[in-house]
Structures are given as structure tokens and as C-alpha cells.
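Construct the entire structure; sequences and hints are all you get.
Listed below are the residues making up each chain.
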Amino acid sequence: MKVLVTVKEVAAVEDEFEIDGTAIDEAYLEYDLNEWDDYAIEEGVQISESEDDVEVVSVTIGPERSEETIRMALAKGADRAVRVWDDSLEDAEMLDVEAKTNLLAAVVEEEEPDLVLSGVQADDDGFGATGVSLADEVGFEWAAVVNDLELDVEGGVASVRRELEGGVEELTDVDLPAVLTIQTGINEPRYASLRGIRQAQRKEIKPMTLDDLGLSADVAESDLEIVDMYEPETESDATLFEGSPDETAGQLAEVLRDGGVGQ
Amino acid sequence: MLDYVGLEADLGEEERLIRDTARDFVEDKVRPDIADHWQDATFPTEIIEEMGALGFYAPNLDGYDLPNVSEKAYGLLMQELEACDSGVRSMASVQGALVMYPIHAFGSDAQKDEWLPKLGHGEAVGCFGLTEPNHGSNPSAMETHAEADGDGYVLNGSKTWITNSPIADVAVVWAKDRSDDENPVRGFLVETDKAGVTTNKIDDKLSLRASITGEIALDDVHVDADDVLPHVRGMKGPLSCLTQARFGIAWGAVGAAQDCFETALEYATDREQFGQPIGGFQLQQRKLAEMATQITNAQLLAHRLADLKERGDLRPQHVSMAKRNNVRMARETAKTAREMLGGNGITGDYSPMRHMANIETVYTYEGTHDIHTLILGEDLTGIAAFE
Numbered sequence: 000m001k002v003l004v005t006v007k008e009v010a011a012v013e014d015e016f017e018i019d020g021t022a023i024d025e026a027y028l029e030y031d032l033n034e035w036d037d038y039a040i041e042e043g044v045q046i047s048e049s050e051d052d053v054e055v056v057s058v059t060i061g062p063e064r065s066e067e068t069i070r071m072a073l074a075k076g077a078d079r080a081v082r083v084w085d086d087s088l089e090d091a092e093m094l095d096v097e098a099k100t101n102l103l104a105a106v107v108e109e110e111e112p113d114l115v116l117s118g119v120q121a122d123d124d125g126f127g128a129t130g131v132s133l134a135d136e137v138g139f140e141w142a143a144v145v146n147d148l149e150l151d152v153e154g155g156v157a158s159v160r161r162e163l164e165g166g167v168e169e170l171t172d173v174d175l176p177a178v179l180t181i182q183t184g185i186n187e188p189r190y191a192s193l194r195g196i197r198q199a200q201r202k203e204i205k206p207m208t209l210d211d212l213g214l215s216a217d218v219a220e221s222d223l224e225i226v227d228m229y230e231p232e233t234e235s236d237a238t239l240f241e242g243s244p245d246e247t248a249g250q251l252a253e254v255l256r257d258g259g260v261g262q
Numbered sequence: 000m001l002d003y004v005g006l007e008a009d010l011g012e013e014e015r016l017i018r019d020t021a022r023d024f025v026e027d028k029v030r031p032d033i034a035d036h037w038q039d040a041t042f043p044t045e046i047i048e049e050m051g052a053l054g055f056y057a058p059n060l061d062g063y064d065l066p067n068v069s070e071k072a073y074g075l076l077m078q079e080l081e082a083c084d085s086g087v088r089s090m091a092s093v094q095g096a097l098v099m100y101p102i103h104a105f106g107s108d109a110q111k112d113e114w115l116p117k118l119g120h121g122e123a124v125g126c127f128g129l130t131e132p133n134h135g136s137n138p139s140a141m142e143t144h145a146e147a148d149g150d151g152y153v154l155n156g157s158k159t160w161i162t163n164s165p166i167a168d169v170a171v172v173w174a175k176d177r178s179d180d181e182n183p184v185r186g187f188l189v190e191t192d193k194a195g196v197t198t199n200k201i202d203d204k205l206s207l208r209a210s211i212t213g214e215i216a217l218d219d220v221h222v223d224a225d226d227v228l229p230h231v232r233g234m235k236g237p238l239s240c241l242t243q244a245r246f247g248i249a250w251g252a253v254g255a256a257q258d259c260f261e262t263a264l265e266y267a268t269d270r271e272q273f274g275q276p277i278g279g280f281q282l283q284q285r286k287l288a289e290m291a292t293q294i295t296n297a298q299l300l301a302h303r304l305a306d307l308k309e310r311g312d313l314r315p316q317h318v319s320m321a322k323r324n325n326v327r328m329a330r331e332t333a334k335t336a337r338e339m340l341g342g343n344g345i346t347g348d349y350s351p352m353r354h355m356a357n358i359e360t361v362y363t364y365e366g367t368h369d370i371h372t373l374i375l376g377e378d379l380t381g382i383a384a385f386e
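Chains as they are written, first to last, in numbering that gives the first Met the number 0: chain A, 0 to 262; chain B, 0 to 386.
Calculated from the structure, these hints are not laboratory results.
Some clues are possibly wrong.
Claimed, not checked - The calculated BS3-like cross-link candidates involving lysine-lysine, where the alpha carbons are at most 30 Å apart (straight line), are:
{"hint": "1", "chain 1": "A", "residue 1": "202", "chain 2": "B", "residue 2": "117"}
{"hint": "2", "chain 1": "B", "residue 1": "28", "chain 2": "A", "residue 2": "202"}
{"hint": "3", "chain 1": "B", "residue 1": "334", "chain 2": "B", "residue 2": "28"}
{"hint": "4", "chain 1": "B", "residue 1": "117", "chain 2": "B", "residue 2": "193"}
{"hint": "5", "chain 1": "B", "residue 1": "204", "chain 2": "B", "residue 2": "334"}
{"hint": "6", "chain 1": "B", "residue 1": "235", "chain 2": "B", "residue 2": "200"}
{"hint": "7", "chain 1": "B", "residue 1": "200", "chain 2": "B", "residue 2": "334"}
{"hint": "8", "chain 1": "B", "residue 1": "111", "chain 2": "A", "residue 2": "202"}
{"hint": "9", "chain 1": "B", "residue 1": "117", "chain 2": "B", "residue 2": "28"}
This is the structure we're talking about:
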């Protein structure tokens, strides 16, 4: 069985930053493994530890710098990795969901995984759509926002629990091959051990260009355009109660009453 | 943390991943409760196996499922652990540099096979018995001794200031072999559940409180001939272990100081008096500038030491210089940072005073500051002041 885990290097913004045109100035960005993808990696590695003959392949779309991020996936137990990048991707202002879908679909075609795990969303651009869009493109079954996974490898079924709005949870059986988008909290991601980090140095990160994937440069073209980037006005609506506990409790009760809470 | 001249920007990918792993682990698992442990004089024992699983013990050694990372990566690990608390770094230093290192360097294959995997994974805890109640800076005058007895030896004596002795499964005990004409110091692996071994805990420490310290009393303790470390005789044995551990201390002291600096900087930019952040006043800026400069100097020395160690050119005197300088720097930095925090700085809510108290131990153990001064004096003049 082969599990493909998609990972993304996301940008984290420092507390103080400046906007340069339609992007945040590079000087204020730090890069890290996307939080949701960390849970997806852990889920993939746990499958490989509990089932026989499971290969976990990690894939990322990103420049050379992102090797450090994908190396972290290898250090945590993924067997090998694929990094997709190309000059024409470097030049693109933004890789939208459609572009990523097409790139990852080409990798899925190449790798033929039984299961694709992706994070629910990316911490930076937050489209939250790539996993499901990929499933649609490659014709896989899918389940989004998965917070529990039981895998029946022989039967080819993933029994998943999905987190819906309002505290409702849904149990679904999904036939493989499938794409599951993994929610935080599904497991407890491990730290990369020093042994794992050492071993990761000997694992393969295969670079793939658009040519390698049989795609042309127009894959990066997008119908979306970022037209503006700005900091929203922040409105502070905090009320500070002052006085003794008796007085402040009374003031709080009044606010709650006015707000329609209680009688 | 402070890295003013960007030394860590030049790290290799592996070293950076190791630093980040250590930093994340400490941040999530150790830092939240460390002040409470310090107040309660307890060590967070649940992290002993976790640190083993992560490969934090003797990661710079090879074989026996040890990671064999670079000396710089090992140093960075010590830096990150001590940024949390000197007690946490001490745990890793003792287990790795003082227990696993001598077994790795001087042990038999059977000793290595038995102990290194268990110690490396934190499934067993080790301690190192050199210092005695009456012999601190001059360990070569030790009284603890071994007498040949049947198929082994009988050990008698007492050791003190032994990190982790009350929780240890095995002690590396250094003792004089009286059955040998030259009366050499030899290393013995003593399992602490043996008859005649007691490991009393030392209470009421005012420093390194989040670390378990004790004694080792040896009263007619029988050990097998196989329990002697076969490949070392004389003070070279314990002293070479201490060189390994002091290398870690030189790095750890940078971490403790960086944590003090970051705490003071954040406080100075938040805390307002006289209508502006106190960091806007010249007196505070001078303190910050001085701390940052001294930390950077110490960091440079630590990085240089790692390069020398990696290529085999590191001398014990280099390590003495770095231990001496960097711990003194951390001592000054912790004190200055505490001062900048005003009254708030005397509470457990902020790390500098905890570091400040801890550093008194670090300043004293593994060769006191003064003894390292004399080692450098001897190296520079060729005249030993302590003989």
C-alpha cells in the first residue's frame, strides 16, 4: 500500500510587518511546516507502523528552500519525498487551487497511491480546497476534515469521522483510493528524533519539473488575481470593569442581561 | 533567541532541524512546568524516556542506535536544553557525556551492548561518581578504593554531589585499585541495587533545584571483574569524560544567557515608566548592549570549539577557557536580566533569577571557575600553580 502525504511550507508572519504591494515583505516571513500537514504526516507514519508493506511518500510544491520542510516529514518517518518546482512556477505570482490540483494530480498519476492525506488547509493562504479538488480531478473518493481514521487495508475502506459545524460529527466509510483532508487533533504529531533526522539525510527527495510531470507552463496561470493586501482596521470593543468583586459582578450581570443572556 | 551575528543562519539543514526539534520539545513539554519543578525541587522525570526516544543522550556518539550527529548539533542541543533550565541540560550531560561516553570510549563490548542502548533510550539512568566529601577540586586524592576479591573487587568509599544518583540504575564509580602496585584510578560500573550501595538524596539546595542530586555510599560492594572499564587507567578516564561534559556546558551557558536576555528585552520593551518603555532609557540600553555583546562572544567561542572538536584539534584547555568564560558570562547576564525585571524579577514567573541561582552550580561543578583559571595559567606558563 502506498500513502501519499501532501505537505506545504507555509509562511508565518512576525508580529510587526510591512506590506509590499500585494504581498507581505519577505523580511518579515519565516517558513515552517504547515500545522495541518504535520498531523497528516503523523497519520501516514502511524499507518505504516501498524500495517505491513506501507510506503509513505511525501510531496510538496516549492522552491529548494522547502526541502528543509519536507526533510522534517522524512525525519518523522516518511520513506521518501517528491518536490515539484519549476522556473515557470517561480515566476507565477500565486499558485491557486487549480494549479496545485493539476500539479498534485500529475504526481498522483505518477505515484498511484492508494491513499492521499492532505491537511485541511494551509496556515498562510488558507484556501482549504486543494485536497478535495485533487480528489475530484483524479477521480478518487474523498472525505474532508477527518478527525479519526480506521483503515481496513484488505477491504479497501477508510472509516472516517468528520468534524462538521456546530459540534456535529459524521461517520463515513470511504472506498479507496481516496483523498482525506486531515484535521488537527486526529493524533499527536511526534517530534522528529535525532535518529530520524540523521536517517532523513539518506532518504531521497526527488525533484520534479513540469516536464517530468508532462505539464506545460500554463499550469501556473490563474483566473485569480490578488488585487490588494492590507491590514484590516481593528475595532476594540472591550469593557473593563473596575471596582470590588461585588461591583464588577453586578456590572457583568447587567451586560449579560442587556445582551439577552439570562433574565 | 539572540543570534546577533547570524551564526545559526549558517547552520546546515540537519543542525537546524535538530535545534528546532530541541526548541519545540522544550517549549511544549518542559518549559510550561519547569518553574514549578524548580520551586518543588523535583525533576520532570517523565521527560527522561522522552528525551531518550528523541536521541538527546550522547547523540554525538556512533553505533548502538545512537544518532552520531555533528559536535555542533550536539552543542546546539545543549544550548536549547539549558535555555529552559540548567537542570535539564545537566540530565542530558550526565547521561551522555559522563556515563555513556566512558562506556563507549573505555568499555568492553559486553558493557557497551548491555548499557548503551538502554541509556541512550532513557530506559536506564546513569550517574557519575568522582567527587568525594573531602576531595572536590583535587579528585586524584580520592579515598574510594577497590580491593581484589575472588573473581572481582570490593569497593569502599563515598561520593557526593552526584547528579541523578538517587534515581540511577548504574553508577560509573571512579576508585583507586589498591590491588595494583601503581594504585591507579579505575572506572567501575556499579548497579545501584547492589548490596552495600546507598544513594541518599541531597535536599535543601538553593541552586539547580530542578535536578536530583545525591551521594553514593559504597560499603563493601562486590563487583565482578567484568564491571571494570577495561580500556582506561588513571585520571585520564574521569578527566576525559569531564572534557566532553564541559563542552556541553560551554554551549548550555549560552542558552541560559540567551533566555535571560530575551526575557529582559521583552520586559524592557513592554514595561513603561516615566511615559515610555524602560528599554528607551540609556541605562537599560547599555545593559542590553552589554549582554548581547557578551552572549555573542561566548557563542562565537562555542561554535569555534565545535569546529575544533569535529576535526580532532580540541584540547582540554580550550574547553576550560570556554567553560570558564561562558559560565561567567551567563552568571553576569542572569544577574543583569534579573535587575532589569525589577521586583517582578524575583518571582518564579520570569526565568532569570532561576537561571541566576542555577548558574552558581554550573560555575562550581565540572571544575570550578578558579580551577579552570589555573588550568589556563598552567597551559600559558608551563607552571602548575596547583601542584
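These are the hints, each one checked on the structure:
As the CA atoms of residue 202 of chain A and residue 117 of chain B are separated by approximately 27 Å, the hinted pair is consistent with the 30 Å bound. Between residue 28 of chain B and residue 202 of chain A, the direct Cα distance comes to roughly 29 Å. Compliance with the 30 Å bound is thereby established for this hinted pair. Restraint check for residue 334 of chain B and residue 28 of chain B: satisfied, since their Cα atoms lie roughly 26 Å apart, inside the 30 Å limit. Simply put, residue 117 of chain B and residue 193 of chain B have alpha-carbon atoms about 19 Å apart, close enough for the 30 Å limit, and the pair holds.
Proximity of residue 204 of chain B to residue 334 of chain B is assessed by CA-CA distance (about 19 Å); at most 30 Å being required, the pair is judged to hold. For the hint pairing residue 235 of chain B with residue 200 of chain B, the CA-to-CA distance comes to about 28 Å; that is within 30 Å, so the pair holds. The hinted pair formed by residue 200 of chain B and residue 334 of chain B meets the criterion: a straight-line CA distance of about 29 Å does not exceed 30 Å. For the proposed pair residue 111 of chain B and residue 202 of chain A, the alpha carbon gap of about 29 Å is at most 30 Å, so the pair holds.
At roughly 22 Å between alpha-carbon atoms, residue 117 of chain B and residue 28 of chain B fall within 30 Å of each other, so this suggested pair holds.
In terms of the numbered hints stated before, the structure departs from none.
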